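Protein chains: 2
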Amino acid sequence: MDFRQTLPATALALILGAQTATAQDLRADALDFFAALPSTTPAVSDNPITDDKIALGKALFFDPRMSASGVFSCNSCHNLATGGDDNLETSIGHGWQKGPRNAPTVLNAVFNEAQFWDGRAADLAEQAKGPVQAGVEMANTPENVVATLNSMPQYQDWFKASFPEEADPVSFDNFAKAIEAYEATLLTPAPFDAWLNGDDNAMTEQQVAGLETFLDAGCVSCHNGINLGGHSYYPFGLIEKPGADVLPEGDKGRFVVTETVDDEYVFRAAPLRNIAVTAPYFHSGKVWDLRVAVEIMASSQLGAELTGEEVGDIVAFLGALTGDVPDVVYPILPAETAATPRPSGEIMVE
Amino acid sequence: MDFRQTLPATALALILGAQTATAQDLRADALDFFAALPSTTPAVSDNPITDDKIALGKALFFDPRMSASGVFSCNSCHNLATGGDDNLETSIGHGWQKGPRNAPTVLNAVFNEAQFWDGRAADLAEQAKGPVQAGVEMANTPENVVATLNSMPQYQDWFKASFPEEADPVSFDNFAKAIEAYEATLLTPAPFDAWLNGDDNAMTEQQVAGLETFLDAGCVSCHNGINLGGHSYYPFGLIEKPGADVLPEGDKGRFVVTETVDDEYVFRAAPLRNIAVTAPYFHSGKVWDLRVAVEIMASSQLGAELTGEEVGDIVAFLGALTGDVPDVVYPILPAETAATPRPSGEIMVE
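These protein sequence lines are chains F and D, in that order. First residue of the first sequence: 1, per full-length UniProt numbering; consecutive thereafter. First residue of the second sequence: 1, per full-length UniProt numbering; consecutive thereafter.
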């Protein structure tokens, strides 16, 4: 029986008013910590975004010839079809080598304060240069990338259109800038954004309950901002260090970047948008179940023991962060020419 | 000076009339051997094509979780961005193993009489089952593919919608049929089709000259039909066997399928649509330059020595076979669940 049928109209109005007030209070609290995605492409530092540059960046993002072997593109490990990552523990790259850390999603990455698990790249343009050159990933060189691009007249034209005032537009820097421009368009508005924007019906009751727990339990102290994470660094195991199965001892995180003892086992707080579709979890990629990941975070970072219901609510809330990936028309890439460097799958020993 | 300005109107009409007649004669000759692509998706045997099935097939075609490692999808080696193939000599697959033969394009493949270089699969559905199971390609098993699909409720729904009358729609057979349905949509109308359909201006003068040479020199005797090849088998080296650099001795072609001595070094005549964008060439993938490929074909298959101009004309004509790939909106794939089999990059020794 619907309780509203048994109540006088004034009582009903009071109750509904109270519910609305509560929703508004919760939204006000949430807006202190989070922000909805914007409806337009954000500006990035020192790289004006144009339609030409976005189109070029899309082609480069999907072009496997940017790798030495001709096998891997950016999209191989940051696959837009599967949440912007590769759903592997750690990526498989050149020569079937395994990368050291789980590939983070490219979706909404423009809003991260810095890139990579240890924040070693200041922005997406700097990030884009990393995997291309990493021996275990794409194993290419800036010189070979530029030679490959210059061998295809259509790429030359696209770079000219994207960097019209430059005398020498086909460069490794501009390659990275074009990819950054494209990646800045990869925003995924989610039910949580609609809720933040004022639509009470955008999240289920359980998702709203999960948001409350997320705030009350303290998850929000690291996972806040527009990406619910992605902008500051914390020791993994702040309260209680998880086992080596989840936190391998060989990977000291941000310590390698700062060489500061305080940064041992320090990692960037993971951005949580689309987390429900980007298993496995953590820099080690060792945890496949989002419930388990939430439990590990609660004990290791907060020293909290959450009830099964609370964990379930948080997982439900995290589901409200799964957004709509923009429609991407798969690009048609320029054809190679006689001048295009040949792909090589050989593994170089350095 | 335009010669037409110096001629009386009647003489001009006669000359233009003669030109038109010549173009019509050439078109009539060409239509004896070739056919333009249809404007609709062709029917395939025992597999009614529906929109649901096409959408499912597209998802499967792009899903790297159809491989044991989670690294390779159909699109990895038959990349719609680069002419429907991978632009490698031979593909790199599971465990960084090299495949034995150059990956043929998936574009227009529905019109090939049989699939693979040796024609060992009767149709695209049968073909689709091959690479998924090949140890050097995707290294998966039918059981693991079905378990993977069944672990994701959205795939279950899509299979139900695609095979509505079947009690057990999620099967390896239906996986292959959905991929076949999708691939049947991958038709690329080209300038040559427009020309066959009556547009004299669709090909350049050199392309028309190349078509004439293609007919006169005898290329057409193997490369005919809607795909200019792809439907019958010929010994590579009919007149003069090319060197082992181009025709490796270890690969005896269709002999392995028929076990008939006559089929030693016999391969399917390559379909030539989009050949200009699908280097390198031949089953061995050893030739990167289309001019060189044409010269090798002339000497090995026809015993003909073409002039440089004739080769150039044929290459120009082959350029008129580069078509428009249909717009493909990159699919968003179902997310894994706890029941999804984990990817494994391990190399199994059989």
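It is worth saying that the hints were derived from the structure and are not from the lab. These figures come from a predicted structure and were not determined experimentally. Please note that a few of the clues may not be correct.
Treat identical chains as interchangeable: a pair holds within one or across any two.
[What the hints assert, rightly or not] 20 Å max Cα-Cα, derived SDA-like pairs, lysine to any residue:
1) 98 with 191
2) 98 with 348
3) 98 with 347
4) 160 with 99
5) 98 with 346
6) 129 with 197
7) 98 with 258
8) 241 with 22
9) 160 with 319
10) 98 with 122
11) 98 with 169
12) 241 with 315
13) 252 with 234
14) 98 with 259
15) 98 with 342
16) 252 with 157
Hints, one by one, checked against the model:
1. Taking the shortest Cα distances, residue 98 and residue 191 never come within 20 Å of each other, neither inside one copy (35 Å) nor across copies (45 Å).
2. Taking identical chains as interchangeable, the C-alpha atoms of residue 98 and residue 348 lie at most 20 Å apart whether they share a chain (15 Å) or sit on different chains (17 Å).
3. For the homomeric pair residue 98 and residue 347, the shortest alpha-carbon distances inside one copy (13 Å) and between copies (14 Å) are both at most 20 Å.
4. Taking the shortest alpha-carbon separations for residue 160 and residue 99, neither the intra-copy value of 34 Å nor the inter-copy value of 38 Å comes in at or below 20 Å.
5. Taking CA atoms no more than 20 Å apart as the test, residue 98 paired with residue 346 passes in both settings, with 16 Å inside one copy and 11 Å between copies.
6. Taking CA atoms no more than 20 Å apart as the test, residue 129 paired with residue 197 passes in neither setting, with 36 Å inside one copy and 48 Å between copies.
7. Taking the shortest alpha-carbon separations for residue 98 and residue 258, neither the intra-copy value of 25 Å nor the inter-copy value of 41 Å comes in at or below 20 Å.
8. When the C-alpha separation of residue 241 and residue 22 is checked against a cutoff of 20 Å, the pair qualifies neither within a copy, at 37 Å, nor between copies, at 83 Å.
9. Neither within a single protomer nor between protomers do residue 160 and residue 319 lie at most 20 Å apart by alpha-carbon distance, with minima of 42 Å and 25 Å respectively.
10. Proximity of residue 98 to residue 122 under the C-alpha cut-off of 20 Å is found in neither arrangement, the shortest distances being 24 Å within a copy and 38 Å between copies.
11. For a Cα distance limit of 20 Å, the shortest separation of residue 98 from residue 169 qualifies neither inside one copy, at 34 Å, nor across copies, at 36 Å.
12. Taking the closest pair of Cα atoms, residue 241 and residue 315 never come within 20 Å of each other, the shortest separation being 22 Å inside a single copy and 65 Å across copies.
13. Taking the shortest Cα distances, residue 252 and residue 234 sit within 20 Å of each other inside one copy (12 Å), while across copies they are farther apart (60 Å).
14. Within a single copy, residue 98 and residue 259 get their C-alpha atoms no closer than 25 Å, and across copies no closer than 41 Å, so neither meets the 20 Å cut-off.
15. In this assembly of identical chains, the alpha carbons of residue 98 and residue 342 lie at most 20 Å apart only when taken from different copies (16 Å versus 24 Å within one copy).
16. For the homomeric pair residue 252 and residue 157, neither the shortest alpha-carbon distance inside one copy (44 Å) nor that between copies (44 Å) is at most 20 Å.
Hint check: violations occur at hints 1, 4, 6, 7, 8, 9, 10, 11, 12, 14 and 16; the rest are consistent with the structure.
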